[in-house]
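> The chain contents come next:
Protein chains: 2
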Amino acid sequence: MNNIDREKAAQLLVTPTDLADLSKADARSVVSFMKFERVKAGAIFIEEGEVTHTDFMVLILEGDVSVESEAASADGGIVMSNIGPGSLIGEMGLLDGAPRSASCTAMTNLDVAVLSREAVLELIKDNPAVAARLMLAISKRLADRLREANHNIKLLGGFNILLQQELDVLQGSAE
Amino acid sequence: MNNIDREKAAQLLVTPTDLADLSKADARSVVSFMKFERVKAGAIFIEEGEVTHTDFMVLILEGDVSVESEAASADGGIVMSNIGPGSLIGEMGLLDGAPRSASCTAMTNLDVAVLSREAVLELIKDNPAVAARLMLAISKRLADRLREANHNIKLLGGFNILLQQELDVLQGSAE
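Residue numbers (our numbering), protein chains in the order written: chain R, 0 to 174; chain G, 0 to 174.
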């Protein structure tokens, strides 16, 4: 792992879409606890429902990833999104090691930086202030996603009501 | 604030429903950064949509609270739940100071312990390791809620499909 990659990882860690509240110096400390890995194009490196070895998060440094989730789909199909450099994946697993909620496939060869739960616990010991700010940043990100999910529940619920009303009218006229 | 209340607050902070991963010693440190307050029965002490002074979370020590949310309701009505001692409210506000997503009304006189964002930043300075573990615990709690919300999106989506199918049948037979 050379310094250029480390610096890039630190830069990507503080992009607006991810952990914007982390300072650059904090990000460098976090990066020093990350492992750098290559993923071959086509590899499914995180699998939905996976229950073991789920306690890590991944920062995409280079390349494109397709994220697919059956469980998060509102229409019984598959939710898909494509993400690239600077995206963070799997922070819920990092926190609690619970089963993965989506699958991630490398669409190209990838360079990634991996932060394991073990490394976070090390970070808490070695540099607790940075660890606290990292956790604060991850929490805020989760809070954002939770607000968005609650908004979607509201929208879907509203749509359910409309469908139900339409159904009531049709059933009424059929009687 | 006497020692009995502090000890009770520390105990409640680590109940299974809240921040179970915090050690008792951690909880005592966190509690030393909390302010103890009384809320009169009938008072709405957190208001949905509130945009200022939202950067704190509240631990209920004594009494009952009714939580109501219009925004989180899937049926256009109001989601209500009652919570009591040991419950934690408003941790999303603590993290990002964003508008409140629910209203909280004191159903009885309450004793509460309040942790402000300012206090968390102090805690990060004074005792960063405890702050990191507190943030880790709050993050896990948010991750749980996010998983639950995603599950509800899936359920509501499935229900939408059923309604839509029923509608299609009725509309087909009406033609």
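In short, the hints are calculated from the structure, not lab data.
Among the hints, a few may not be true.
Identical chains share a label here; the pair holds if one copy fits it or two copies do between them.
In silico EDC-like pairs for lysine to aspartate or glutamate, Cα to Cα no more than 20 Å straight-line [as the list claims (entries may be wrong)]:
no.: 1; residue 1: Lys153; residue 2: Glu61
no.: 2; residue 1: Lys153; residue 2: Glu46
no.: 3; residue 1: Lys34; residue 2: Glu6
no.: 4; residue 1: Lys153; residue 2: Glu47
no.: 5; residue 1: Lys124; residue 2: Glu69
no.: 6; residue 1: Lys39; residue 2: Glu67
no.: 7; residue 1: Lys34; residue 2: Asp167
no.: 8; residue 1: Lys7; residue 2: Glu36
no.: 9; residue 1: Lys124; residue 2: Asp110
no.: 10; residue 1: Lys23; residue 2: Glu49
no.: 11; residue 1: Lys34; residue 2: Asp54
no.: 12; residue 1: Lys7; residue 2: Asp110
no.: 13; residue 1: Lys34; residue 2: Glu47
no.: 14; residue 1: Lys7; residue 2: Glu67
no.: 15; residue 1: Lys39; residue 2: Glu69
no.: 16; residue 1: Lys34; residue 2: Glu165
no.: 17; residue 1: Lys23; residue 2: Glu67
no.: 18; residue 1: Lys153; residue 2: Asp143
no.: 19; residue 1: Lys124; residue 2: Glu49
no.: 20; residue 1: Lys34; residue 2: Asp63
> For each hint, tell me whether it holds in the structure or not.
Comparing the hints with the structure gives:
| no. | hint | result |
| --- | --- | --- |
| 1 | Lys153 x Glu61 | neither (36 Å within a copy, 32 Å between copies) |
| 2 | Lys153 x Glu46 | between (29 Å within a copy, 19 Å between copies) |
| 3 | Lys34 x Glu6 | within (14 Å within a copy, 41 Å between copies) |
| 4 | Lys153 x Glu47 | between (25 Å within a copy, 15 Å between copies) |
| 5 | Lys124 x Glu69 | neither (37 Å within a copy, 42 Å between copies) |
| 6 | Lys39 x Glu67 | within (18 Å within a copy, 49 Å between copies) |
| 7 | Lys34 x Asp167 | neither (57 Å within a copy, 53 Å between copies) |
| 8 | Lys7 x Glu36 | within (14 Å within a copy, 47 Å between copies) |
| 9 | Lys124 x Asp110 | neither (28 Å within a copy, 34 Å between copies) |
| 10 | Lys23 x Glu49 | neither (33 Å within a copy, 32 Å between copies) |
| 11 | Lys34 x Asp54 | within (14 Å within a copy, 35 Å between copies) |
| 12 | Lys7 x Asp110 | within (11 Å within a copy, 49 Å between copies) |
| 13 | Lys34 x Glu47 | neither (22 Å within a copy, 42 Å between copies) |
| 14 | Lys7 x Glu67 | neither (26 Å within a copy, 45 Å between copies) |
| 15 | Lys39 x Glu69 | neither (24 Å within a copy, 47 Å between copies) |
| 16 | Lys34 x Glu165 | neither (55 Å within a copy, 52 Å between copies) |
| 17 | Lys23 x Glu67 | neither (31 Å within a copy, 40 Å between copies) |
| 18 | Lys153 x Asp143 | both (15 Å within a copy, 19 Å between copies) |
| 19 | Lys124 x Glu49 | neither (29 Å within a copy, 37 Å between copies) |
| 20 | Lys34 x Asp63 | within (19 Å within a copy, 47 Å between copies) |
Checked against the numbered hints above, the structure violates hints 1, 5, 7, 9, 10, 13, 14, 15, 16, 17, 19; every other hint is satisfied.
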